[in-house]
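K.L.:
Since the structure of chain R is already known, use the hints to place chain F on it.
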Amino acid sequence: DAGVTQSPTHLIKTRGQHVTLRCSPISGHKSVSWYQQVLGQGPQFIFQYYEKEERGRGNFPDRFSARQFPNYSSELNVNALLLGDSALYLCASSQWTGYAVQETQYFGPGTRLLVL
Amino acid sequence: AQTVTQSQPEMSVQEAETVTLSCTYDTSESNYYLFWYKQPPSRQMILVIRQEAYKQQNATENRFSVNFQKAAKSFSLKISDSQLGDTAMYFCAFTPQGGSEKLVFGKGTKLTVNP
Numbered sequence: 211d212a213g214v215t216q217s218p219t220h221l222i223k224t225r226g227q228h229v230t231l232r233c234s235p236i237s238g239h240k241s242v243s244w245y246q247q248v249l250g251q252g253p254q255f256i257f258q259y260y261e262k263e264e265r266g267r268g269n270f271p272d273r274f275s276a277r278q279f280p281n282y283s284s285e286l287n288v289n290a291l292l293l294g295d296s297a298l299y300l301c302a303s304s305q306w307t308g309y310a311v312q313e314t315q316y317f318g319p320g321t322r323l324l325v326l
Numbered sequence: 309a310q311t312v313t314q315s316q317p318e319m320s321v322q323e324a325e326t327v328t329l330s331c332t333y334d335t336s337e338s339n340y341y342l343f344w345y346k347q348p349p350s351r352q353m354i355l356v357i358r359q360e361a362y363k364q365q366n367a368t369e370n371r372f373s374v375n376f377q378k379a380a381k382s383f384s385l386k387i388s389d390s391q392l393g394d395t396a397m398y399f400c401a402f403t404p405q406g407g408s409e410k411l412v413f414g415k416g417t418k419l420t421v422n423p
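From first to last, the protein sequence lines stand for chains R and F. To get the working numbering, take the position in the first sequence, counting from 1, and add 210. To get the working numbering, take the position in the second sequence, counting from 1, and add 308.
For reference, chain R alone in the conformation it holds in the complex:
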């Protein structure tokens, strides 16, 4: 079975531009989460979407937004890019259903974003 896929793998943007990152979850997974990993740090939670609804939001500015489509794929959008947005953006999917058990999250390879 295919794992979590992300596109593009690398991206270079300039300050002030916007960017859209895409993620396809593992087949059968309805929950998608986004993380930002700055070089030398652990990932930081940005968003979680389940059944097209936002179920969690991290401490990120409103320049960051996301959505989930009927096929459970997801997009992360970042507007008005800053130099500090340069990072590896990771997508993870799981079989989470909102009930008591926390399912394991499986990560994609990430999108490396460089803002100049």
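Keep in mind the hints are simulated off the structure, nothing from the lab. It is possible that part of the hints are untrue.
[Unchecked claim] Interface residues of chain F toward chain R, partial, derived using beta-carbon atoms under 10 Å:
hint : residue
1    : Val312
2    : Gln314
3    : Gln347
4    : Ser350
5    : Leu355
6    : Arg358
7    : Glu360
8    : Met397
9    : Phe399
10   : Cys400
11   : Ala401
12   : Thr403
13   : Pro404
14   : Gln405
15   : Leu411
16   : Val412
Just so you know, even glycine gets a beta-carbon here, dropped at the ideal spot from N, CA and C.
P.N.:
Below, chain F without anything else, positioned relative to chain R:
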């Protein structure tokens, strides 16, 4: 606030030996889950092992095992018979039960296995 602390930025071990990576966490939750993830130089984050806080028995996965001390809020990872392929960044992560899937990660420990 929920935090995860990995106090060892870097560690090294000889091939075939055993190494233990430390992790402590802070939470007021009573039910939660703990994970160790491995991130090799290729960057794909891979689950190593998970532990449910309500389970007293320490989780094991082949050469990987944990020492979970709930009262001390400690969750260390032991790697036995280290292999060159174990070279990677190791992240300890925490998530409370219910609500959302937010994982809180530590800053990671860079493990190098030497031949």
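K.L.:
When the structure is checked against the list of hints, which entries are broken? Sort them ascending.
P.N.:
none
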